[in-house]
Amino acid sequence: MKVEQISIFLENKSGRIAEVTRILAEAGVNIRALSIADTSDFGILRLIVDDNQKAEVVLKKQNVTVGKTFVVAVEVEDKPGGLHRIMGILFKADLNVEYMYSFVKPNTTDAVMIFRFEQLDKAVKVLKENSVNVIDGDQVYKL
Amino acid sequence: MIFNIDYETMPREGLEAIQLRRLQATLERVYATVPFYQKKFEEAGIIPSDIESLQDLHKIPFTTKQDLRDNYPFGMFAVPMDNVVRIHASSGTTGQPTVVGYTARDIDTWARLMARSLAAGGATSGDIIHNAYGYGLFTGGLGVHYGAEKLGASIIPVSGGNTKRQIIIMKDFGPTILTATPSYTLHLAEVAEEMGVSFRDLKFKFGIFGAEPWSENMRQEIENKLRIIAVDIYGLSEVMGPGVAIECHEAKAGLHVFEDHFIPEIIDPETGEVLPYGENGELVFTSITKEAFPVIRYRTRDISTLSTEPCICGRTHVRMTRVSGRTDDMLIIRGVNVFPSQIESVLMQIDEVEPHYQLIVDRKDNLDTLSVLVEVGERLFSDEVKKLQDLEKRISKDIKEILGVSAAVKLVEPKTIARSQGKAVRVIDNRKL
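Chains A and B are the protein sequences, given in the same order.
Here my numbering = 1-based position in the first sequence + 377.
Here my numbering = 1-based position in the second sequence + 2.
These aren't lab readings, by the way, just hints derived from the structure by calculation.
A portion of the hints provided could be inaccurate.
Stated by the list, open to error - List time: in silico PhoX-like cross-link candidates among lysine-lysine, alpha-carbon distance up to 25 Å:
1) 519/A x 505/A
2) 437/A x 412/B
3) 152/B x 205/B
4) 469/A x 431/A
5) 389/B x 437/A
6) 502/A x 482/A
7) 445/A x 399/B
8) 499/A x 388/B
9) 445/A x 388/B
10) 388/B x 437/A
11) 402/B x 388/B
12) 438/A x 417/B
13) 417/B x 431/A
14) 445/A x 412/B
15) 431/A x 499/A
16) 205/B x 499/A
17) 412/B x 399/B
18) 390/A x 388/B
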């Protein structure tokens, strides 16, 4: 029920993201979703790709600092209050979200929300108990 | 004004006779009381009575900063703790600081030498001295303080920092002498300007600047901006503190070393060979009146030249040229001595940090800045911004706490720190003095 995400350290200077996308493109790695967190000095690029293993190897070969973390992918209904329902469940269970980002599920109008939790296992359990559709990693990579 | 006219203008023959007598007494004493020196002398096959002339001094082995560290904290003291009334120390990480002690008589000697220095720089008992050297373990602040009191001047112990308040004090109290690091002085001038205070309207006449490298250009800038006469002062805690040597305001051409208390030598830093007057090399000092912490042939790592050419001020003591550099990698940042190895050991105490770092020293608005670049390896990296920012803050705080210098920590990508022939370039000093 967990999704593997790779994260990359980037200095805040021009051409750094292009360098990463070039490496992935040349290796034939497809990006499913991404988000960037930035400060004045540096940024952290978080990616969900179709082949984590390959992405990690090619990036490391080019001296890119790569981290791996598990996140949770959740299906969010395309209607008002769709996301709020999920947030309410997390709030009630006292689950803190470290960060989140989303992408649209191909061929549907529904969104997939990626959550990073400190207490990942508890989050998965709570979400499932409340009938939220938690998407499996293998499924996400293939979307 | 010459504070101690008898000693400061003594003919060289008389001065050398005093030096020899005091040197012999110092050697006898350290041989009897400091195991380190006893061992060193024995290894060199000498006893104090072998030193029959000043020329014999070169038979004695050198003392290095590492020797002082090895005897941390009080191993080099030549008197019982009971007789020590003051302790100063240079910054340093565990096992690395240099600790020095003073007896009551040492403090008095130091005050007298600082009084001589202030007088040589233009101060009299009628002056008000604004002392912006830091007070604390650093010898600068208290060294000037006691000297000013000995001279009979009025001292304002303002210490470093809080620049706006310093300007207000300058305006309201009317100090006539400024003592500070040269870079902080230029910073004071800028802040004064921003506050609409003109140094023209202040009462300063002379300034005595030191504790960091500076240049003739900086002297001219300070003199023009502050409308004062600026002189250079030299000292280091291992030898005593400020007041080892001072430029006279009459000549402003080299610093008189108080030779009735210290014997200076210039050596070839590679071979250790003593070089004749006029040649450029590493300064070495032997203290000949200190009680608690005598140093014998201490290698300062400072590069200078000695000259006995007579001076227009009447002082007969040898002059050293402005220190032009170092023979090691020590940096002086805002008056604080920093070795790259000290920063390295701060970094290495943090588990996640790998030994890939670089120090960038610059001077912005006349203040030294230190940036520490740290490569982000896998162990350090986190996908969460706040964890990385916390790490930056932690490194910065540790450096400040241990070395006493503020540093901006910047995380950089791996392998981005320039490596020359496989060896990382640890320090980039962009300061133009």
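Here's how the hints hold up against the structure:
1. Taken as a hint, the residue 519/A and residue 505/A pair is honoured in the structure, with Cα atoms around 22 Å apart against an allowance of 25 Å.
2. Under the criterion of a C-alpha separation no larger than 25 Å, the hint pairing residue 437/A with residue 412/B is consistent with the structure, at around 21 Å.
3. Proposed proximity of residue 152/B and residue 205/B is supported: the alpha carbons are some 22 Å apart, at most 25 Å.
4. Distance check on the hinted pair: residue 469/A and residue 431/A sit about 39 Å apart at the alpha-carbon level, beyond 25 Å; violated.
5. Between residue 389/B and residue 437/A the CA atoms are separated by roughly 22 Å; this keeps the pair inside 25 Å, and the hint holds.
6. About 23 Å separates the Cα atoms of residue 502/A and residue 482/A, which keeps this hinted pair within 25 Å; it holds.
7. About 29 Å separates the Cα atoms of residue 445/A and residue 399/B, which puts this hinted pair outside 25 Å; it is violated.
8. Of the supplied pair hints, the one linking residue 499/A and residue 388/B holds, its CA atoms being roughly 22 Å apart against a limit of 25 Å.
9. A hinted pair counts as satisfied when its Cα atoms are at most 25 Å apart, and residue 445/A with residue 388/B qualifies at roughly 17 Å.
10. As the CA atoms of residue 388/B and residue 437/A are separated by approximately 24 Å, the hinted pair is consistent with the 25 Å bound.
11. Taken as a hint, the residue 402/B and residue 388/B pair is honoured in the structure, with Cα atoms around 21 Å apart against an allowance of 25 Å.
12. At most 25 Å may separate the alpha-carbon atoms for a hinted pair to count; residue 438/A and residue 417/B meet this at roughly 12 Å.
13. Under the criterion of a C-alpha separation no larger than 25 Å, the hint pairing residue 417/B with residue 431/A is consistent with the structure, at around 22 Å.
14. Our distance criterion of 25 Å between C-alpha atoms is met by residue 445/A and residue 412/B, whose separation comes to about 23 Å.
15. Taking the CA atoms of residue 431/A and residue 499/A, the gap is about 30 Å. The hint is violated against a cut of 25 Å.
16. At roughly 71 Å between alpha-carbon atoms, residue 205/B and residue 499/A are farther apart than 25 Å, so this suggested pair is violated.
17. Using a Cα cut-off of 25 Å, the hinted pair residue 412/B and residue 399/B holds, with the two alpha carbons roughly 13 Å apart.
18. Restraint check: the Cα-Cα separation between residue 390/A and residue 388/B comes to about 20 Å, which is no more than 25 Å; the hinted pair holds.
This entry does not satisfy hints 4, 7, 15 and 16, going by the numbered hints stated previously.
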